[in-house]
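Asker: The chain contents come next:
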Amino acid sequence: MHQGRSVFIVDGSRTPFLRAAGKPGPFAAADLAVSAGRSLLSRQSFEPEELDEVVIGCVGPDADEANIGRVVSLRLGCGQGTPAWTVQRNCASGMQAVDTAATNIAFGRSDLVLAGGTEAMSHAPLFYSDDMVNWLADFNRAKSASARLKAMSKLRPGHLKPVISLLKGLKDPIVGLSMGQTAEKVAHRFNISREQMDTFALESHRRLAAAIDEGRLAAEIDPLFDTKGNAYENDNGLRRDSDMEKLARLRPIFDRDVGNVTAGNSSQITDGAAMLILASEDAVKKHNLEVMGRIVDTQWAGLDPAQMGLGPVHSSTPVLKRQGLALDDVDYWELNEAFAAQVLGCVEAWKSAAYCRDELELDGALGELDRDRLNVDGGAVSIGHPVGASGARIILHLLHVLKENNANRGIATICIGGGQGGTVLLERAA
Amino acid sequence: MSESTNNPSTTAERNPALDKATGLLNWRIEPEKSSPGIYWLILDRAGASQNSLSEEVVKELDKAIDIVVELNAKGIILRSGKPGSFIVGADVSEFADVPGEKEALEYIREAHRIFARLEDLAAPVVAMIQGHCLGGGLELALACRYRVCADDDATRLGFPEVMLGIHPGFGGTVRSIETIGAAKAMEMMLTGRNMRARAARRSGLVDMAVAPRHLTRAALKLIQSGKPRRVAKGAAAAANYPGARHALAKVMRDKTSKRASKSHYPAPFSLIDLWVEHGGDREEMFEAEAQSVARLITSDTSRGLVKVFFLQEQLKDLGKNTGADGAPKVERVHVIGAGVMGGDIAAWCAAQGLEVTIQDRAPEALARVVSRAHKLFSRRLKDPMRITAAMDRFMPDAAGNGIARADVVIEAIFENIEAKQGLFRDVEPRLKPGAVLATNTSSIPLETLSEALARPERLVGLHFFNPVAKMQLVEIVASEQTAQVEIDRAAAFAHQISRLPVPVNSSPGFLVNRILMPYLMEAVELLDEGVPGPAIDKAATEFGMPMGPITLADTVGLDICLSVAKNLGEAFGDEVPVRLIEKVEAGDLGKKTGRGFYEWKKGKPVKGRVDKSSSIPEDMEDRMILRFVNEAVACLREGVVADTELLDGGVIFGTGFAPFRGGPMNYIRDEGVRDLRERLEELAKRYGDRFEPDLGWDTLDDRLFE
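Protein chains in written order, with the numbering used here: chain W, 14 to 443; chain V, 5 to 710.
Take the hints with a grain of salt, since some may be wrong.
[What the hints assert, rightly or not] Pairwise CB distance ranges (calculated):
(1) W:W98 - V:R221: 35 to 43 Å
(2) V:A366 - W:A442: 32 to 40 Å
(3) W:E62 - V:K474: 48 to 56 Å
(4) V:A575 - W:E417: 28 to 36 Å
(5) V:P388 - W:G17: 38 to 46 Å
(6) V:P388 - W:Y141: 22 to 30 Å
(7) V:P388 - W:E381: 49 to 57 Å
(8) W:A34 - V:A646: 37 to 45 Å
(9) W:A34 - V:R206: 36 to 44 Å
(10) V:A366 - W:A367: 52 to 60 Å
(11) V:E625 - W:P37: 52 to 60 Å
(12) V:P216 - W:K416: 52 to 60 Å
(13) W:E417 - V:P388: 35 to 43 Å
(14) V:P388 - W:H201: 47 to 55 Å
Calculated directly from the structure, the hints in this document are not laboratory data.
Since this is a predicted model, take the numbers as computed values, not measurements.
By construction, the Cβ of each residue, glycine as well, lies at the ideal position given by its N, Cα and C atoms.
Please build the complete structure, drawing on both the sequences and the hints.
Answerer: Written out as structure tokens, the structure reads:
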């Protein structure tokens, strides 16, 4: 539970999430954060220089974006005197940025913080293999013509095969499973069928389509403009023409041939950023800020990396216990959709008396998380999952959902590659 | 501890020759403390904020050289005593005082002698350059053995002489070719284009380009290097061989003719001739350079261009010295309307370092504008870091969040009274206190627009011209109500973004469109009479217009011409040519639709050959130009602008009116008031009332020669 001062979220903005199209997209990670950030800052009653700190979550900034938080802060005109840094907790980096900002406000170190996450997954680099790097080093050392010729003769076609950093990043180095395979494991444990996963995925797209059509995302998205004359107004991963038949035709890509997790029921490789402004009570008064919500509680949890998708169960349960809340006492849930299988797995885990007893130290099953309260406007399966940004996006969106429905309490929670979960409990009423 | 205790022998070591330097008004000579025997030769022109080479400065250099010789200097560093600027060129204000070719020649030969003395000094001389090093300044630097320049944003090296109708005359033609080769040197001198520090180092124009903090160390290093003066080698030098000279000269003449006609702008052609004929002989070329410049500087072309130079300075001063002095600089600009004008104004402001928000309801319009802005930034700023910074400063803002934060808000939506008034009603209460509220309207009286405002006195016109990045002029439009402080601040803003402000009254068409339109309409009339478009255009360009009127109309867009013509027609009763209306109704709007008066292919008009049999009236030039001039007289009489200078400046920088003629008022002065008036009356007899001399001709003598 938060000790210290109250922490408020006063405003936020995100970019549309852009599906990676097999080559680097039009925006680098810093471009995305700057675009969302400058729209957000332009509507504030304070100057960017008045921020006490900028914290940005990002898993893989470009090589020229080291400490991307500082790059973004300076490009946004927050001034040389405003410190800025970058946090990394894999898929929860954006949520970590918010938690860090909140901690510093609660502790009294900051009053006004810009926090968020950004990721340009389409920009993830290709590397030379170790064999190639070694060969290059040998070649450069060869001075005489004959030595060079000899070095040349050792070059093999296989040396030129690039290492795809994105795939490396999405594979757990401890248990040796790709993220998709961890979802397969969760599905197997709770007996979740292909049809259940596809149904969930289809519903995610349907909900996102409705949210876009009813203009419910307009308040949180500021459009992106590239240098070629294109405007991006909405998340472009949405497939309106998707149906069960089409989803059923897709082949499993992680446990090939025999598995159930497909590209259709997984989150999408995406570029995007989400930014929030957090404020202390003093700052709210000083700048006359309108409050969107208060951060009531946060929790991080660790579990078996091979079942990382169940992270939200492990981080949310302690919050519910501490706050004395049942699942239904939380008006709306944003549980990040890394994989349909993994979200369904979380629901099953709380329904399972055995799981709740053995893994969560509860007396029995916690209950069933109501699908009507869960990811009401779709999730990462349809919107996309730019890993550094998603944690901030679900917090931002949850605040809009609470407002839209005149509800009070919400939880944003996310599973984290490497076997962790993160949860933020928000309330609108101050 | 005082300095004298630190260095007790200062006075004892002082060389008596140094005391002679105190007799110089513009030069200082100081010992370099770190290295005995090395002296600073500092140009710090008396009574000026920047260094220019006046006759006095040049002649004092002779004495300064005497002193360094007497000092037995082992090395000399020549630098400017003005912060951030080296030498901006010759003193242009002295050009007008040159009595004749003979006197000019004498002076130039004297300058050659003095520069040669500097060049021949036994001790190495380094020019240490930071900021502008232009024209005569660069020639002086080239007479030094070495050059080092600051690698910063402000440093520029170049030969802008052609813009004043001359070419380098202090030995610059000889030494630049020797140093960097004929191809590069001639291009610099023919185009007047500046070089930045790194380009100057790459070309060999300077020996080193270093961070400003390293300048002195670099200069000392060059002195100690003992290296000979740098000369062009290999291919760069080969361009100066006789055969190559002739071949290259042909290319240069062709290229130059495309930009300027020889009859109006002789200087670049004289420069090419000079090089071809004398490029092989150093001494001969010095003498030929002197004779050529002496001839050019006393020509009408040069005098007209010098006048334009001063008009430009005058307009700059208008923005500099306003009642808005001391007001904080503009940091944020908000532009409403992402059309071509709005977008280009916004992009220009961002390129000039301002934070810009641009508002439009249509995301496609914002997207187009962002892409155009990116092109502008890439072209102008070049460095990727600066392009990114400009893109970050340029923010599409559909919600109009920028209004509440902007120092200047510019409305640039479509020309509709209700729409604009509605917008102003919405915007005014959201403005931050003291913000400038401006409109870019070209046809709606400000009085009408400001009816929508609680404080009508705050509305001012900032009328930009298309393309914004090229057209330097901005009309600062005032209604009867507009407060003087708003006019001043608008002018100061124009100056801040490197545009030239001309204050005008809010009468229909303001100044530029008002004067341009009768000329364009007369051209359309000629078309109607069966004169081929290319012949009409040719008559205008031969007069000295940068572009013929038919091409201009197509480029501006016939729809825009028609709307301005109608607007002016309503106000002044001129008829709009049927041919123009028909074209617009047919959807042939000019360049943008691929067809107007001309067919347009790949952005260029297809003109074809003029049929010899077509009748070309002899008075064609007068018909167009005198309508232009007559309207200018009307504007002066009505007080659309305050005086003849502003009128000439506004018209030259707003329409490109034959710069070497120094503007329409200067043209009248040169041609004679009575003569032109008679020609107008003659035309009126032949073609009707539209040529009737304006009432203003009656009092023109007083205004022109006051």
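Asker: Would you mind marking each hint as holding or not holding in the structure?
Answerer: Consistency of the hints with the structure:
1. At about 37 Å, the beta-carbon gap between W98 (chain W) and R221 (chain V) stays in the expected band of 35 to 43 Å.
2. Evaluation of the 32 to 40 Å hint for A366 (chain V) and A442 (chain W) yields a pass: the beta carbon distance comes to about 39 Å.
3. The supplied range of 48 to 56 Å is broken by E62 (chain W) and K474 (chain V), whose beta-carbon atoms lie about 36 Å from each other.
4. Evaluation of the 28 to 36 Å hint for A575 (chain V) and E417 (chain W) yields a failure: the beta carbon distance comes to about 54 Å.
5. Hint check: P388 (chain V) to G17 (chain W), Cβ distance near 44 Å, so the stated range 38 to 46 Å holds.
6. Between P388 (chain V) and Y141 (chain W) the beta carbon distance is about 25 Å. The supplied range of 22 to 30 Å therefore holds.
7. Checking the proposed 49 to 57 Å range against P388 (chain V) and E381 (chain W) shows it holds: the Cβ atoms sit about 54 Å from each other.
8. Checked against the given bound of 37 to 45 Å, the beta carbons of A34 (chain W) and A646 (chain V), roughly 59 Å apart, lie outside it.
9. Restraint check, A34 (chain W) to R206 (chain V): a C-beta distance of roughly 39 Å satisfies the suggested window 36 to 44 Å.
10. At roughly 58 Å, the beta-carbon separation of A366 (chain V) and A367 (chain W) lies within the given 52 to 60 Å, and the hint holds.
11. A beta carbon spacing of about 58 Å between E625 (chain V) and P37 (chain W) agrees with the range 52 to 60 Å that was offered as a hint.
12. Taking the beta carbon of each, P216 (chain V) and K416 (chain W) are about 54 Å apart, inside 52 to 60 Å as hinted.
13. Range check, E417 (chain W) to P388 (chain V): about 42 Å between beta-carbon atoms, so the 35 to 43 Å window is met.
14. Taking 47 to 55 Å as the suggested C-beta distance range, the pair P388 (chain V) and H201 (chain W) conforms, at roughly 50 Å.
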